[in-house]
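Full structure from sequences and hints, please.
Next come the chains, spelled out residue by residue.
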Amino acid sequence: DAKTTQPNSMESNEEEPVHLPCNHSTISGTDYIHWYRQLPSQGPEYVIHGLTSNVNNRMASLAIAEDRKSSTLILHRATLRDAAVYYCIRIQGAQKLVFGQGTRLTINP
Amino acid sequence: NAGVTQTPKFQVLKTGQSMTLQCAQDMNHNSMYWYRQDPGMGLRLIYYSASEGTTDKGEVPNGYNVSRLNKREFSLRLESAAPSQTSVYFCASSPTVRGTEAFFGQGTRLTVV
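Those protein sequence lines, which keep their order, are chains A and B. Mapping to our numbering: the first sequence position 80 is 80, numbers consecutive. Mapping to our numbering: the second sequence position 108 is 108, numbers consecutive.
Treat the hints as calculated values from the structure; they're not laboratory data. Some clues are possibly wrong.
[Claimed, not checked] One-sided and incomplete, this derived list gives chain A residues near chain B with beta-carbon spacing under 7 Å:
1. G43
2. P44
3. Y46
4. K96
5. L97
6. V98
7. F99
8. G102
9. T106
This one's a predicted model, so the numbers in the text were calculated from it and none came from an experiment. The beta-carbon is built from N, C-alpha and C at its ideal position, and this holds for glycine as well.
Here it is in structure tokens:
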């Protein structure tokens, strides 16, 4: 299965930017990178996805390295509500979402 | 707009009992998924259905069966529940085309005693 590597946990302060890294060194040319997050006691929710170019939406930005072996999810101004587990998922072949352990993000007031 | 609806939300079973977890989506999605999440862990894929009429095993299929009843509904059955199957179960759906977002239900918390 497609593997990604993320730090187990990260911590940031409210109203500061957060950069969540993900390594996917064995990615192939047609694999998408998706990010989901899971708030406490809820199901996962979609954050953003991309293929080659950087992407922006109302929730976050996704910066994909030129060689596509890594990507970074950027929360421009973190709030307490952004405290969650963030999952970086590589999708190959038939769309099969396989989650890793994710990064637990703590936001300090 | 209901999205992905799972029933029941909570269930307690005795070891050896059987039950079916129901999942329905109203977004006309082709692909549907079942996951389990143990305390403090990430989600693990049990089974998925890329399109109506097809199902495939995920990472942890043992002890489970699935039925893609129609395009809307994807059920998960435990034939003989075991304490190791105590978990929170999530259903999700997505359009078939790769690179599109998946939507998740709120989960079913299952306890097997």
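Here is how each hint holds up against the structure:
| no. | hint | verdict |
| --- | --- | --- |
| 1 | G43 | 3 Å, holds |
| 2 | P44 | 5 Å, holds |
| 3 | Y46 | 4 Å, holds |
| 4 | K96 | 6 Å, holds |
| 5 | L97 | 6 Å, holds |
| 6 | V98 | 6 Å, holds |
| 7 | F99 | 4 Å, holds |
| 8 | G102 | 6 Å, holds |
| 9 | T106 | 15 Å, violated |
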